[in-house]
Amino acid sequence: MSDLSNDATMDSAEHVEQDEAVFAESLRRAHPVLWYATLLGPILSVPAVLLSVGLVAGWGVAHRLALTVLATCFFFGRFMILAGESGAGADVEYGSFFSPAQLALLVFFLDVMTAVVVVFHMNVLFHLPVLGKRLQLLVEKSRNLLQSQRWMKRLTVAGVVVFVMFPLASTGSLGGSILGRLLGLSRGGTLASVIAGSVLGCGTMYFGAGLISTWFDRDDPVVQIAGPAVIATLVILLSMRYRKLIDSDASVPA
15 MSDLSNDATM
25 DSAEHVEQDE
35 AVFAESLRRA
45 HPVLWYATLL
55 GPILSVPAVL
65 LSVGLVAGWG
75 VAHRLALTVL
85 ATCFFFGRFM
95 ILAGESGAGA
105 DVEYGSFFSP
115 AQLALLVFFL
125 DVMTAVVVVF
135 HMNVLFHLPV
145 LGKRLQLLVE
155 KSRNLLQSQR
165 WMKRLTVAGV
175 VVFVMFPLAS
185 TGSLGGSILG
195 RLLGLSRGGT
205 LASVIAGSVL
215 GCGTMYFGAG
225 LISTWFDRDD
235 PVVQIAGPAV
245 IATLVILLSM
255 RYRKLIDSDA
265 SVPA
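Counting from 15, one number per residue, gives the positions in the sequence shown under our numbering.
A portion of the hints provided could be inaccurate.
To be verified - Now the in silico label distances, taken between C-beta atoms and shown as ranges:
id, residue 1, residue 2, range
1, Leu214, Val60, 21 to 27 Å
2, Tyr50, Met254, 24 to 30 Å
3, Gly198, Leu151, 29 to 35 Å
Said to hold, decoys possible - Calculated pairs, EDC-like style, for lysine to aspartate or glutamate (alpha carbon to alpha carbon, straight line, at most 20 Å):
id, residue 1, residue 2
4, Lys147, Glu34
5, Lys155, Glu34
6, Lys155, Glu39
7, Lys147, Asp33
These are computed hints drawn from the structure, not numbers from a lab.
Every residue gets a Cβ at the ideal spot worked out from N, C-alpha and C, and that includes glycine.
Make the full structure from the sequences, and use the hints.
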């Protein structure tokens, strides 16, 4: 039985890959400038931002920003915005952390850049070592999610927006872009839905960071220790819940 399931998964993944390959080739032939801009632009944008920050604010700040990008992408997701220092100004000094507004802008930027690459160049990602297999697996898990959470199929655009708002690194723009395509949204509609979800999600965390600053003293050692611990626990619990959803049986109704 498991062999049949694996065969079906591979066939489905190959079907998606073929569709994306056809689109990618037609886009490259008809609009080569757009093809290169949507592929190389987002990929080069992150190192370009880090270089600019290093030249303007110092390499220590650029190094801290690079670590923040990695922590945001691979663990904390939108929860990183809650860690912002309310007193941080526009010019971040060495040794200080970024403000919630700066972190919200960073997360939004990463969301948009990721969505552009996935929406227009999923075929390229499919052929990358390691990442390609993981992306194919995510496509199949997204199909399971749509079958088990049928409200997403009914709401379509709203379903993608809500999914992107979910504050985990494992969802966000990557999963939202895939869901949008599986739901039949156009590439423009998918990108717009991801952007809307990112704005709402980042805005929610930004105002949440303001409430935390109002209720708690961020300089209190207890808060400095307990805060990251609480956020890490939430990330782990929500990640477990998310994995349970995407691994759920497609025959289970929402």
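Going through the hints against the structure:
no. : hint                        : verdict
1   : Leu214 x Val60: 21 to 27 Å  : holds (23 Å)
2   : Tyr50 x Met254: 24 to 30 Å  : violated (40 Å)
3   : Gly198 x Leu151: 29 to 35 Å : violated (21 Å)
4   : Lys147 x Glu34              : holds (15 Å)
5   : Lys155 x Glu34              : holds (18 Å)
6   : Lys155 x Glu39              : violated (26 Å)
7   : Lys147 x Asp33              : holds (17 Å)
The structure fails hints 2, 3 and 6 (numbered hints given earlier, in ascending order).
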